[in-house]
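If you want the building blocks of each chain, they are given just below.
Number of protein chains: 2
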Amino acid sequence: MKPTIRDVAKMANVSISTVSRVMNSPETVVESKRLRVLEAIEHLQYQPNAFARGLIYKRSNTLGVMIPDVENPYYAGLLRGMQDAAVDLGYSLMIVNTDRSKERTITYVENLYEKQVDGIIFASDILHPEYYDIIRHYQIPLVLASTNSIEYDVPSVNIDNEKGAYDAVRYLIELGHRKIGMLSFPYDDSISGEPRYNGFIKAIKEYGLEECATHVTYADHRFESAYKAAEQLFSKYPDLTAVFTASDEFAMGAISFLHEKNILVPDQVSVVGFDDIRMAHMYVPKLTTIAQPVYEIGQHAVKKLYELITEEKVQLYTEILSHKLVIRNSTQEV
Amino acid sequence: MKPTIRDVAKMANVSISTVSRVMNSPETVVESKRLRVLEAIEHLQYQPNAFARGLIYKRSNTLGVMIPDVENPYYAGLLRGMQDAAVDLGYSLMIVNTDRSKERTITYVENLYEKQVDGIIFASDILHPEYYDIIRHYQIPLVLASTNSIEYDVPSVNIDNEKGAYDAVRYLIELGHRKIGMLSFPYDDSISGEPRYNGFIKAIKEYGLEECATHVTYADHRFESAYKAAEQLFSKYPDLTAVFTASDEFAMGAISFLHEKNILVPDQVSVVGFDDIRMAHMYVPKLTTIAQPVYEIGQHAVKKLYELITEEKVQLYTEILSHKLVIRNSTQEV
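Line by line, the protein sequences give chains A and B. At position 237 of the first sequence (counting the first as 1) the number is 237 in our numbering, and the numbers step up by one without a gap. At position 15 of the second sequence (counting the first as 1) the number is 15 in our numbering, and the numbers step up by one without a gap.
Just so you know, the hints here were simulated from the structure itself, not pulled from any lab data. Glycine included, each C-beta is placed from N, C-alpha and C at the ideal position. Don't take each hint at face value.
[To be verified] Stretch by stretch, here's where chain B covers chain A in the computed footprint (C-beta under 8 Å, at least three residues):
#: 1; region: 73-83
#: 2; region: 89-100
#: 3; region: 108-118
#: 4; region: 254-263
#: 5; region: 276-282
Bound conformation, chain A alone (with noise of 0.2 Å):
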């Protein structure tokens, strides 16, 4: 059987409501209680469940963001939605940069939890090991926005990736190119590379141009990156007609280096990228791309984050929305 806060109690030989504080506020309790109580909680194991939390831990009305970069304008539109739904809740974020450093996660997360959030939203990185470990030590309510886990059980809110890619590189053969190239997120990104690469090869395969497969260059998160994964991929392959890339930002990077290399964007070579950033209508030309419904993952984040921390469950665990392409003028027909 588990313990329960009763056992903890007994054991360090105070009250229930001691063991209470030492875990709301440790330092209202004198240090030989404290370190009683720690005691006792480390020899039981004990861990409060999610109602046990409830009732021992006040709410704080405070959600936390962790996003892994702050100047990556994809987080802009999830940022809002996340934060439209959280004031019709009542609720109010925290949003806090993990920049991609494993550490400054952790401490971030530790952090969080402190600072009382009644639950996590972790958007758009892979959950690592470390990440899940430390969350579920907390027992802070968790859901994934714009990410999902094959390893763990986390409720999601994410897009299909690989159908977004393939119906990107359809629209492309469908206007007549057959020399296709992709700006792609390295492979082993499981979140936004993998998929994005396997659905640009579906589609270059289910209409005979296997040729294509090798028409790949790749690029970390940064347009200045995506800019040589460009340079790569027209060196190596002057003739192609179309890119798909991975992101909006990708785009913005292939679209400059054609740009300075005077081939035009559409006439000479159409450029289709991925999620429809604010930016995405903003740039010379506009961007032809497929629109994540960010605002919606945002908002739906939320909504499942908060069913999860006054229902402990989740009705629908893995939520899929729709994306769509959006054409606009970076694309036109061979």
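Dock chain B against the given chain A, drawing on the hints supplied.
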């Protein structure tokens, strides 16, 4: 004489540590005592000074950052500078997005207070009296970043906005432009409206181009609004050869409009932005702009707040960092 925590304890007939607990973790104090303490605090108008706060409250090693619009790419660089400085000093950041809503801003101040942040950085918006009053009421150390206050005595880190605008316009004049317009923020925006407009006026007057003073249209902070303002400007003054815009996002709005009218930038019209957001060098054409040292503004704001928290005063109250003109591809000689 100002009342102390001892006076509160005496009046409420409780111990000093109970008063401290009421302020720190009220849920650990029985209601009757808690109410007596709160009454005494109100009656005596007790406000712990910064030093007492340090003794009474635990330090959280967390700073709150309030920004007006998470979708505005200007904040990305600012936040990165803040984060790097915070990490160096052993602090974490909690970012909240106020949406320029008074109600939301005040709720967030209360929230950050409850989360026991050690200080707040208020970025890039006008410090309305309501905001100042509540932050002061809670005795939270405060620093302004990318903004400043004329009414209140609050440490700030900013640039010289008037001089920045002046430098941009002088550059256009030196390129030979004589028909120059401006896309401005509303004049009543005392942070980036009035000073940048004044810089424009100063430069054109200095060069005897007074007739340009009417060539101004206004937009709020968004691209869409700048696009419309560009439309107004060029329909009234179709023979302008240059535009100074009060932000890079405005420059993108103007360039998008001109591009759709088949007016070439920079061949027919030169455009200078302001800010040097990350997108400025990703745009087509790359933007000539006034570079704000946003990363450094963020860094310095955190360091100043740290100084204020640890030493209870700052050496340099009003810090003005240098901007610089960055010449790229959106401008050329007439």
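Consistency of the hints with the structure:
Figure legend: the region 73-83 of chain A, annotated as covered by chain B; annotation consistent (7 residues with Cβ-Cβ distances under 8 Å, at least 3 required). Check on the region 89-100 of chain A: 7 of its residues sit with their Cβ under 8 Å from a Cβ of chain B, so the three-residue criterion for coverage holds. Requiring three or more residues with a Cβ within less than 8 Å of a Cβ of chain B, the coverage given for the region 108-118 of chain A holds, as 4 such residues are present. Counting residues of the region 254-263 of chain A whose CB falls under 8 Å from any CB of chain B gives 3; the rule of at least 3 is met.
Only residues whose C-beta sits within less than 8 Å of a C-beta in chain B count toward coverage, and the region 276-282 of chain A has 3 of them, enough to reach three; the restraint holds.
Of the numbered hints given earlier, the model fails none.
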